[in-house]
Amino acid sequence: MAVYLHGSASISACGNSLKQPLRFCDTASAVCKTSSGLTYPYYAIPDIDGWQSLLDSTLQLVSHLLEQGGLSKRQRAKTLLFLGSTSLDIGQVEVQHGSDIWLPKIGNLAKIITAGSGLHAHSLSFNTACTASLNALIYAQHMLESGQAEHIVVLGFEARNQLTVDGFDSLALMSERRLVTFTEHASGLILGEGVGGILLSKVKPDKACFKLLGGANACDITSLSTTREDGLHIRQVIEQCLLQAGVQAEEVDLIKVHGTATANNDSAESAALRALYPDTAPPVCAFKPFTGHTLGACGVLELALLDGVSPDCSIPVPGYAESGLAPLLMPFVQGKSINDVKHVLLNHSGFGGNNAALLLERETR
Amino acid sequence: MKIQIIAHNQFIQPRGMSNKALRQLVKQRYALDGRRQDNFTLAGLAAAASLRDFFIAPGQMALVTCAEYFSIELVQKMLLDLHEKRPIGPVDFVTTVGNAANFFIARALNIHAGNLFVGVQEGAKAQAFRLSATHLYAHARQYVVQLVWEEREDSRICHAWLIRAVEPQVQQIKSVAFGDVLQSTGLKVPCVTVLPPV
Chain A
178 MAVYLHGSAS ISACGNSLKQ PLRFCDTASA VCKTSSGLTY PYYAIPDIDG
228 WQSLLDSTLQ LVSHLLEQGG LSKRQRAKTL LFLGSTSLDI GQVEVQHGSD
278 IWLPKIGNLA KIITAGSGLH AHSLSFNTAC TASLNALIYA QHMLESGQAE
328 HIVVLGFEAR NQLTVDGFDS LALMSERRLV TFTEHASGLI LGEGVGGILL
378 SKVKPDKACF KLLGGANACD ITSLSTTRED GLHIRQVIEQ CLLQAGVQAE
428 EVDLIKVHGT ATANNDSAES AALRALYPDT APPVCAFKPF TGHTLGACGV
478 LELALLDGVS PDCSIPVPGY AESGLAPLLM PFVQGKSIND VKHVLLNHSG
528 FGGNNAALLL ERETR
Chain B
7 MKIQIIAHNQ FIQPRGMSNK ALRQLVKQRY ALDGRRQDNF TLAGLAAAAS
57 LRDFFIAPGQ MALVTCAEYF SIELVQKMLL DLHEKRPIGP VDFVTTVGNA
107 ANFFIARALN IHAGNLFVGV QEGAKAQAFR LSATHLYAHA RQYVVQLVWE
157 EREDSRICHA WLIRAVEPQV QQIKSVAFGD VLQSTGLKVP CVTVLPPV
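If you read the protein sequences in the order shown, they are chains A and B.
Going by our numbering, the first sequence opens with residue 178, and the numbers climb by one from there.
Going by our numbering, the second sequence opens with residue 7, and the numbers climb by one from there.
Quick caveat, the hints were computed from the structure, so don't treat them as lab data.
Hints may be right or wrong, so weigh each one.
What the hints assert, rightly or not - Straight-line distance between alpha carbons at most 20 Å, and here's what the computed SDA-like set of lysine to any residue pairs gives:
| id | chain 1 | residue 1 | chain 2 | residue 2 |
| --- | --- | --- | --- | --- |
| 1 | A | Lys210 | B | Gln16 |
| 2 | A | Lys384 | A | Gln245 |
| 3 | B | Lys91 | A | His274 |
| 4 | A | Lys288 | B | Glu74 |
Remember, predicted model here, so these are calculated numbers, not experimental data.
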């Protein structure tokens, strides 16, 4: 069984897909400041000015997805929301003194979105760090296949906030230069903000689209903040994913890597892929050089970006991977459109040891 | 598809209980090391530990957890630190991710299969059962350790269930109610059969 992408949309440093063609620029155009005054590059969304502006754009994105799916008001009311995010609305919390519980509920942001979009009131907020929205996709597939819902909107959402900036600064994981993932020159991640949305259904749409074949996730209990550097756990999760999808590793045409450009992630992920493909690996693509690391949003956002690339254009490649100036850990895809690939593997890793992978198939009409 | 609750437990942590006292309790009662773990995680560990007798192979054990709030003490302290311009510690920051509790619990109890932490606005138990049943739909041979944290004014309760599928050959999750809680969602829900412990 499989479920199909009926629509996708994204709001990121690549622009708002509802308003203009996506722009894949591999340089961060903004900066963020830590509380201690340090400055780092940052991938900001153009034309977004603060929380309310991002929230309004998110509601427009969801509305667009529902229109793409042709859902009636009654169908919308039965449609579930699966939200994947790391920081949710943490930047909007007002600190209080003298009260035991002043933290909002985890589901607060999802409640605002469901209420504003006419979706079913019961939503789930996946919070497994950087795998959050990919896990939301995996479980949306299972839930649709098991007949519990007809349609599910899966959102990845990450907003700029000071806690995230200060937290990643404390971990010394951020680069002061560029995000050059899957090269030997990688110097760390650059944060970004973004929203990605996908509408899923079991019904096959009358157009070329991606379908979800299967996914897997598991917890690497080696370390809270890193996965095994030899890539063994990532490889095991990918193998489970392939098994769930019923696809052989050799049938994969393209791997969209997590690709954070941190030393541990890139070495572990590339080691896993080299072990999985000891002879010839499929080419990789990476979206964080264009969006920054959007944490819990990146699973859905990067899928929405891949789905949003016009079939007349090549899958975007960062300049450093085309120029040949930086030694690459794996070959990047060159000159292929999304209609040239059949099976695409998405791989992600997150704090808390969470690794996840999902396999897609490109369906022609 | 039917699911069977193999075992159930709950742990009640008084709101004022210190981290040190809770760590000692977990160590004495369950012989588990709770160093570096906050009260939210320790309450989950204490609730889940007594289910260990029923576990199968680590690769067939999954963890599905659900809460309405993150670790309140931890996240509120971090936001206060940020507000007061105090530096954020790397370990504290990483521990605030939702699934940090899952990491410590999975490591302590040797759980190696699927691992999810989800948050909800309300109806955490019903949503957790829905998600666990969904996991078992896709992984019929596995067992799920399901945890639900509940925050009350004077205490935190962590409920723990050990669940498995008993009719994996059925290809659809049928619309059968699990009490009023699940019925009130208005969605199709998994059939839940509560059987005596094995």
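- [ ] List, from low to high, the hint numbers that the structure doesn't satisfy.
- [x] Failing hint: just 1.
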